[in-house]
Amino acid sequence: MAAKYILKLYITGQTVNSEKAITNLKAVLDTQPKGLCSLEVVDVLKRPQLAEEDKILATPTVMKVSPPPARKIIGDLSDKEKVLSGLGLTVEKKKGQVQHNPAYAK
Numbered sequence: 063m064a065a066k067y068i069l070k071l072y073i074t075g076q077t078v079n080s081e082k083a084i085t086n087l088k089a090v091l092d093t094q095p096k097g098l099c100s101l102e103v104v105d106v107l108k109r110p111q112l113a114e115e116d117k118i119l120a121t122p123t124v125m126k127v128s129p130p131p132a133r134k135i136i137g138d139l140s141d142k143e144k145v146l147s148g149l150g151l152t153v154e155k156k157k158g159q160v161q162h163n164p165a166y167a168k
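Note that our numbering gives residue 121 to position 59 of the sequence shown, counting from 1, and the numbers run on in steps of one.
Rather than coming from a laboratory, the hints here were simulated on the basis of the structure.
For clarity, every value in this text was computed on a predicted model and none was experimentally measured.
Heads up, the beta-carbon is just placed ideally off N, CA and C, and yes, glycines get one too.
A hint or two may mislead.
[Stated by the list, open to error] Result set (BS3-like, lysine-lysine): computed pairs, CA atoms no more than 30 Å apart in a straight line: (1) Lys142 <-> Lys88; (2) Lys70 <-> Lys134; (3) Lys82 <-> Lys117; (4) Lys88 <-> Lys144.
[Said to hold, decoys possible] Ranges between beta-carbon positions, derived for each pair: (5) Val78 <-> Pro130: 19 to 27 Å; (6) Glu143 <-> Ala65: 28 to 36 Å; (7) Pro110 <-> Glu143: 26 to 34 Å; (8) Ala120 <-> Lys96: 14 to 22 Å; (9) Lys96 <-> Leu119: 31 to 39 Å; (10) Thr85 <-> Lys134: 15 to 23 Å; (11) Val78 <-> Pro129: 28 to 36 Å.
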């Protein structure tokens with residue numbers, strides 16, 4: 063099954079902020095059904111052309127490439143609900159299950 067959400071996480075080297083963003087985003091993605099999301103971590107020090115192409119001005123930044131519309135979230139990604147909402151996913155409060163938000167799939 064192909065991933066429904068394609069994400070890129072832009073970081074700057076092996077800094078504390080980079081490691082925190084990676085850990086926080088992986089924790090969020092671990093709440094998702096297996097195979098729903100794919101994640102590419104891009105170090106802008108090693109691949110600056112990708113950051114330039116995607117107009118990344120600050121790191122860490124997670125970018126939802128697909129499905130449209132493209133979205134960017136800047137910061138350490140520690141606010142799980144904001145990250146889920148920004149990526150088009152929501153947490154169902156009563157059951158605690160993460161579900162796809164169809165409003166973002168259009």
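Hints, verified against the model:
1. Note on lysine 142 and lysine 88: the hinted pairing holds, with a Cα-Cα distance of about 11 Å set against a maximum of 30 Å.
2. A threshold of 30 Å between alpha carbons decides the hint, and for lysine 70 with lysine 134 the separation of about 9 Å falls inside it, so the pair holds.
3. As the CA atoms of lysine 82 and lysine 117 are separated by approximately 22 Å, the hinted pair is consistent with the 30 Å bound.
4. Of the supplied pair hints, the one linking lysine 88 and lysine 144 holds, its CA atoms being roughly 15 Å apart against a limit of 30 Å.
5. A hinted range of 19 to 27 Å for the beta carbons of valine 78 and proline 130 is inconsistent with their spacing of about 33 Å.
6. Taking 28 to 36 Å as the suggested C-beta distance range, the pair glutamate 143 and alanine 65 does not conform, at roughly 22 Å.
7. For proline 110 and glutamate 143, the hinted distance range of 26 to 34 Å is satisfied, since their beta carbons lie about 32 Å from each other.
8. Look at alanine 120 against lysine 96: about 31 Å separates their beta carbons, and that is not inside 14 to 22 Å.
9. The given range of 31 to 39 Å is respected by lysine 96 and leucine 119, whose C-beta atoms sit roughly 33 Å from each other.
10. Distance hint check for threonine 85 and lysine 134: the Cβ-Cβ separation is about 19 Å, which falls inside the suggested range of 15 to 23 Å.
11. Taken as a hint, the range 28 to 36 Å holds for the pair valine 78 and proline 129, whose Cβ atoms sit roughly 32 Å apart.
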